[in-house]
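Colleague: The primary structure of each chain is shown beneath.
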Amino acid sequence: MAEILDGAALYLRLVRARLRAQLQYRSSFVLDVIGTFVISFLDFVVILIIFTNVPQLGSWSVAEVALLYGISCLAFALTDLVIGHLDLFPQTIRDGTFDLVLVRPRPTLFMVLTADFQIRRLGRISQAAVVLVYALANVSIDWTSERALVLAGALVTGVLIFIAIWVTVICIAFWTVEGREVANAFTYGGVTLAQYPIDIYDRWMRSFFAYVVPVAFVAYYPALFILGKRDPLGLPTWASFISPFVALGAALVALSVWRWAVRHYRSAGG
Amino acid sequence: MRASVIELEHVRKDFTLHRSAGGLRRERTVVHAVDDITFKVEQGAILGYIGPNGAGKSTTVKMLTGILVPMSGRIRVAGLEPSRQRIQLARKIGVMFGQRVQLWWDLPLIESFELLRHIYRVPAERYKANLQELREVLELDPFLRTPVRQLSLGQRIRGELTGAMLHDPEILFLDEPTIGLDVVARQRVREFLVRANRERGLTVLLTTHDLGDIERLSSRILIIDHGRIVYDGDIDALKERYGKERILVVDLVEPAPPLRVDGGRVVKVEGPRQWIAFERARTSAADLTAAVAAHAPLRDLAIEEPDIEDVVRRIYAEGAKRVTGSAERSSTA
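Chains as they are written, first to last, in the working numbering: chain U, 18 to 287; chain P, 25 to 357.
Worth flagging that the hints you see were computed from the coordinates, not collected in a lab. Treat the numbers as computed from the prediction; the structure is a model and nothing was measured. Note that beta-carbon positions come from the ideal geometry of N, C-alpha and C, so glycine has one too. A couple of the hints might just be wrong.
Partial chain P-side listing against chain U, Cβ under 8 angstroms, derived [stated by the list, open to error]:
1. V93
2. R110
3. I143
Construct the entire structure; sequences and hints are all you get.
Modeller: And the structure:
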């Protein structure tokens, strides 16, 4: 327990240091935030255009799809805020700076995940939040405390699932320098898939994204419960409650893959 | 004899390189980066670890610091097994790579130290005392509040050294600590290391291309080539063994053809100046001087001791010539 508190305190210190560094250049920081916000907002406009022309997607209305979109995008935006720098992780393997992580008296994954905190990525969070609020205002939900809990829980487990996926796929970098595109297919590809109801995909892809890369548990299953919909695929209601366990499972898998990958680290310039 | 703080027994590490051999075919080559290395380092020693590029220096250091896992053999550093007890080990050692930035690039130097203090869990008083001392010795005050990216290389290296020393390490591993530094900065780093070694009993293992570092700092040097240790001993013994020849430089009153003297051999002539090589064990400098004076009148003379760079170059050349022969070893008592 003391270990966890100490880790959390250190994390806050590192984040504060990153923020201080980024705020040194105030105008560049403001421009960054505006830039990310505009890009994310354009993404949203595209979605709006599609849905004003396609009022229904499978058995899902526009507002219901917006709920999926809002939950998965907000979870991903939060993930991106915290560990978005993992995008550059393959570079640290290639140039050998990962060596420096290994000589610190802290777990390697902790050092890697806490290495940066890009405050400008707040732009994406605001955009996802706007969509979520729009969705909640336009769908008819019979609010109960369970449903509110599932919604809040979906964001937490969503972040955990995305972190787990991200950590797992960047491990490719330990073996090949070309891994970045493959990794992106799973992370950015995963969030894109999670934005739509998975029953519109074909069976093979559906199973893949439900059981192998478990993004279906980020928004789809929690949303079914919140909306009081039956799963068109026939999974019983309890499927909506197992997201936290799926997230924990994904995290454990990510941790084992990471440990195994680190033991195979070759370092650069042998 | 003091206790060993670093021990390696029959340590090996191979790397497999893949090279494209046209089309999709790939060729595999196995490189024995570290090939059966055994040595010990006593507490309080300053060990210079040298060898040509790609000889296995960095690979050894990376295995000792827990960065790389050895393929076989046994390693103990400060009583710990680096790859399995990496975190405990990290608290006991300091590591500095001259070519890599370990400090936070966009933060003032002092803030990097603060973060390191928390990463290493250094008690507040220890941290204060250590920082105070390092600030004085390495003269950090003028740039303590400057962001690391604005520091000169010499300033940054002093900062990196401080960062590696804040948690009172028992052993300091330095990879090319003086590379790219000017004479003054280099001198300051060397003085710091000598002082930390003397006053704190710090054990230092440094890899370097700068043989000046070795001559000033090391009590013992280890030369590695092709993954094997080709020399292990002190510098004087190294010169004795590989640098048997000294050079007598004579300035004659008038230019003359190369002199023919017993026990000496002219290696270079430049106007009235001649360089005569002679073997320490066979001929004394006094006898040789007398022999030269008998041939031609002398104006001035000097004796050049073997240059360590020449000595090391000869060892590398010999190592390259040896095809399968076992590594030569000698050890200091």
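Colleague: Indicate, hint by hint, whether the structure satisfies it.
Modeller: A quick look at each hint next to the structure:
no.	hint	verdict
1	V93	6 angstroms, holds
2	R110	7 angstroms, holds
3	I143	6 angstroms, holds
Violation of the numbered hints given earlier is absent; every hint is satisfied by the structure.
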